[in-house]
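Read off the chains here:
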Amino acid sequence: MTTAEAAPETATNGQRSDVLLEVENLKVYYDTDAGQVKAVDDVSFTLQRGERMGLVGESGSGKTTMAMALMRLHKPPAIIAGGTVKLDGVSILDLNEEEMRQTRLRDIALVPQGAMNSLNPVYRVRDQIVDGIKHHTPKGEMPSKSIVAERVVELLNSVGLDASVADMYPHELSGGMKQRVALAVATSLRPKMILADEPTSALDVVVQRQIMLTLEQLQQEMQASVLLVGHDMGLMAQFADVLGVMYAGHLVEFAPIDEVFENPKHPYTKKLISSLPDIQVKGKFTGIDGLPPTLVVPPPGCRFHPRCPIYNDDEDFRGEFTDLRGGLDTGLCTTVDPPLNEVEPRRWVACHLYEGGA
Amino acid sequence: MPSKYIVGRVGMFFLTIFLASTLVFFLPRLSGRDPFREKLFEEAQRGGYLEDVDEIAAALNERYGFDRPLWQQYVSYLGEIARFDLGTSQFTFSKSNNQLLAETLGWTIGLTFISAMVAFFIGTGMGAIMEWRRQNTGLLAAMAPFLMMSAVPYFIFGLVLLTVFWFSWLQAFDWELFPPYGAYDPTVEEWPDWSDFRFLGSAVWHATLPALSIVLVSLGGWAMGMRGMMVTTKGEDYMLQAEAKGLPDNVRFYRYAIRNSLLPQLTGLALQIGLIVSGVVLVEIVFTYPGVGGLLVQSIRNSDYPLIQGIVFVLAFCTAVTTLLLDMIYPLIDPRISYSGN
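Taken in order, these protein sequences are the chains called A and B. Following my numbering, the residues of the first sequence are numbered contiguously, the last one being 358. Following my numbering, the residues of the second sequence are numbered contiguously, the last one being 342.
These aren't lab readings, by the way, just hints derived from the structure by calculation. Be aware that one or more of the hints could be misleading.
[Unchecked claim] Derived EDC-like pairs (lysine to aspartate or glutamate); straight-line CA-CA distance at most 16 Å:
#: 1; chain 1: A; residue 1: LYS134; chain 2: B; residue 2: ASP249
#: 2; chain 1: A; residue 1: LYS27; chain 2: A; residue 2: ASP42
#: 3; chain 1: A; residue 1: LYS145; chain 2: A; residue 2: ASP127
#: 4; chain 1: A; residue 1: LYS75; chain 2: B; residue 2: GLU243
#: 5; chain 1: A; residue 1: LYS192; chain 2: A; residue 2: GLU216
#: 6; chain 1: A; residue 1: LYS134; chain 2: B; residue 2: GLU243
#: 7; chain 1: A; residue 1: LYS75; chain 2: B; residue 2: GLU236
#: 8; chain 1: B; residue 1: LYS95; chain 2: B; residue 2: ASP85
#: 9; chain 1: A; residue 1: LYS75; chain 2: B; residue 2: ASP237
[What the hints assert, rightly or not] Not the full set, but computed from the structure, chain A residues with beta-carbon under 7 Å of chain B:
#: 10; residue: LEU73
#: 11; residue: LEU105
#: 12; residue: PRO112
#: 13; residue: ASN117
#: 14; residue: SER118
#: 15; residue: LEU119
#: 16; residue: VAL122
#: 17; residue: HIS135
#: 18; residue: HIS171
[To be verified] Selected chain A positions facing chain B (in silico; Cβ < 10 Å):
#: 19; residue: GLN113
#: 20; residue: MET116
#: 21; residue: GLY132
#: 22; residue: PRO170
#: 23; residue: ALA182
The C-beta atom is built at its ideal place from N, Cα and C for all residues, glycine as well.
Could you build all of it, start to finish, from the sequences and the hints given here?
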């Protein structure tokens, strides 16, 4: 596996702007009878060309909602309540339906969850690869059948599948093969960005590794950016260049992956990483106490404070954070929602601990 | 393997025919009546002459073979059925059952097939659009009357249509919108000549009300069934993926949503065929349509075994053929079917 160092170099060698995806103050709300659920609230981040970003968070933290909103695939009652999404300089949220349709697959492609039946059961694999290409090619410019057939074989080979798979139906494929077909579909138009929403969920670890290697290989070859949504920290560590951590609709930490693992800044990330089991030491399984808050009425101030080890002065964390906590005005935690600040170069954290030059 | 599938379905077809013909042989005979004797008594009461009834009945029964043991009758009946010889009616001697059915069956099948198809396609289409354009609540509202109608039996609805189109205010204007009975205008042509447009026109015109009573009653069911399937299909992962693939709305509607929702609808159609046929039989009576309906009711009233057998056998045969055809179409629509069970 290529490590995180490789990507930034490749990202800077083009003449175009290095930034591919720019998300600013994105708000995605669900309008429900119980009130507005702020599933994604004021999320901002940028993704470099060719960079691989991981996005983790608990179930219900808004990561999938955000990923779907980036392709404008969110379904009612979800609405984009504000913010901007720019993909290669194009404002996604201002496109009309037809432009958005053209953008999907051509510029930004989705690799679905591994557990999904993302292939239409009644058509052969070939037809499902071709229809995406066909509907992104202007009328009359569709290449001849033999050229298209060659392209299908090429795509299937690129994801490690035999050409004979083209004439199979989805029910004749294994879970791993289906996911490879999904990869072939997603890369059929060489998109600038691939959005992978838990692509390996429900696959065993061997297949999981194969799929991730294939994804990485395709990404390298196309120089596409990848946003990998999931909750497998191990997978993220191996794949991603940068990691975003979401909690209760907020992006609470955004930083290069190595730094997140070595020195997590946000208390939530800290607990998340310390909860990872260590294969060398058989220790007590530690989690994060409590449950994520309801997003209809989020806790006042920092959304994490009811579970925050620093705010609650958790014994396990006292040593490490004593100095920092000394400078923390815990009153702020319950009243002011901390914004995402760049506390060190390329390290973004939303926590009052790091405010005021701490 | 597909060939195995075809063999299985064809086998099923023959089994169905066999069971249906067996049932229709034994069921009417369970009544234990002697139709000839009853008829003779009836005639005798009318005419006042009441001698030798038993002898005449016995002679007739002998002639029809009803005096033989049941199993012998059954065996010879099976042989006749296999040769498509439906025998001779006990009370309509002038024509063989084959002739009687040849005259009437066309009308019934034409009416049933066309109205069932029209109802199926319109209903399915309405249901599909209703769910696909969910934001358009007007479509749902337009559906309400059809749902109400679907609770009414065909023949009752036929009576309602007759009342509305015939016995009511329309008469005040001496305006015959649709004819209330018959299958064609007898003044146009003595006997069906389908190459004559005037005859064709009058046949369609006469079939409108009976067809309408079938179509309007079954439309709502198809629409609701399809709508339900569309709701399920819309939630499938491949629908999201189709959108993520940037496929246009119409492609997602036809090739993804409808294509996958249609399968249970077709199963429904195969199951409904029998019900539609039996419903049509009553509709024909309401509209005095010259199909098998009137013949069947008359034959049941008379306990006319050979005619009952003939009509029911032919109806069962047609239903089985339709089901077989649908079974053959099914694997073309759903590739998973032909491989299941292996």
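Quick rundown of the hints versus the structure:
1. Only pairs whose Cα atoms come within 16 Å are accepted, and LYS134/A paired with ASP249/B is accepted, the gap being roughly 14 Å.
2. A C-alpha spacing of about 5 Å is found between LYS27/A and ASP42/A, which places the hinted pair at or below 16 Å, so the restraint holds.
3. Of the supplied pair hints, the one linking LYS145/A and ASP127/A holds, its CA atoms being roughly 12 Å apart against a limit of 16 Å.
4. Taking the CA atoms of LYS75/A and GLU243/B, the gap is near 11 Å; set against the 16 Å cutoff, the hint holds.
5. At most 16 Å may separate the alpha-carbon atoms for a hinted pair to count; LYS192/A and GLU216/A meet this at roughly 14 Å.
6. Restraint check for LYS134/A and GLU243/B: the C-alpha separation of about 14 Å stays at or below 16 Å, so the hint holds.
7. With a CA separation close to 13 Å, the supplied pair LYS75/A and GLU236/B stays within the 16 Å bound.
8. Taken as a hint, the LYS95/B and ASP85/B pair is honoured in the structure, with Cα atoms around 13 Å apart against an allowance of 16 Å.
9. For a cut-off of 16 Å, the pair hint linking LYS75/A to ASP237/B stands: about 13 Å separates their Cα positions.
10. For LEU73/A, the interface hint holds, the least distance from its beta-carbon to any beta-carbon of chain B being 6 Å, beneath 7 Å.
11. The beta carbon of LEU105/A comes within 4 Å of a beta carbon in chain B, closer than 7 Å, and the hint placing it at the interface holds.
12. The beta carbon of PRO112/A comes within 5 Å of a beta carbon in chain B, closer than 7 Å, and the hint placing it at the interface holds.
13. Look at ASN117/A: its Cβ gets to within about 5 Å of chain B, closer than 7 Å, so that hint holds up.
14. Against a cut-off of 7 Å between C-beta atoms, the interface hint on SER118/A holds, since the closest Cβ of chain B lies about 4 Å away.
15. Among the interface hints, the one on LEU119/A holds; its C-beta lies about 6 Å from the nearest C-beta in chain B, closer than the 7 Å criterion.
16. Taking 7 Å as the C-beta contact cut-off toward chain B, the hint placing VAL122/A at the interface holds, the least distance being around 5 Å.
17. Proximity of HIS135/A to chain B holds as hinted, the smallest CB-CB distance being about 5 Å (cut-off 7 Å).
18. Among the interface hints, the one on HIS171/A holds; its C-beta lies about 5 Å from the nearest C-beta in chain B, closer than the 7 Å criterion.
19. The criterion of a C-beta within 10 Å of any C-beta in chain B is met by GLN113/A, whose closest approach is roughly 8 Å, and the hint holds.
20. Residue-level restraint check for MET116/A holds (minimum Cβ-Cβ distance to chain B is 4 Å; threshold 10 Å).
21. Taken as an interface hint, GLY132/A checks out: its beta carbon lies about 4 Å from the nearest beta carbon of chain B, inside 10 Å.
22. Interface hint at PRO170/A: satisfied, since its Cβ lies 8 Å from the closest Cβ of chain B, which is below the 10 Å cut-off.
23. For ALA182/A, the suggested interface contact is upheld, since its CB lies about 7 Å from the closest CB of chain B, less than 10 Å.
In this structure, every one of the numbered hints holds.
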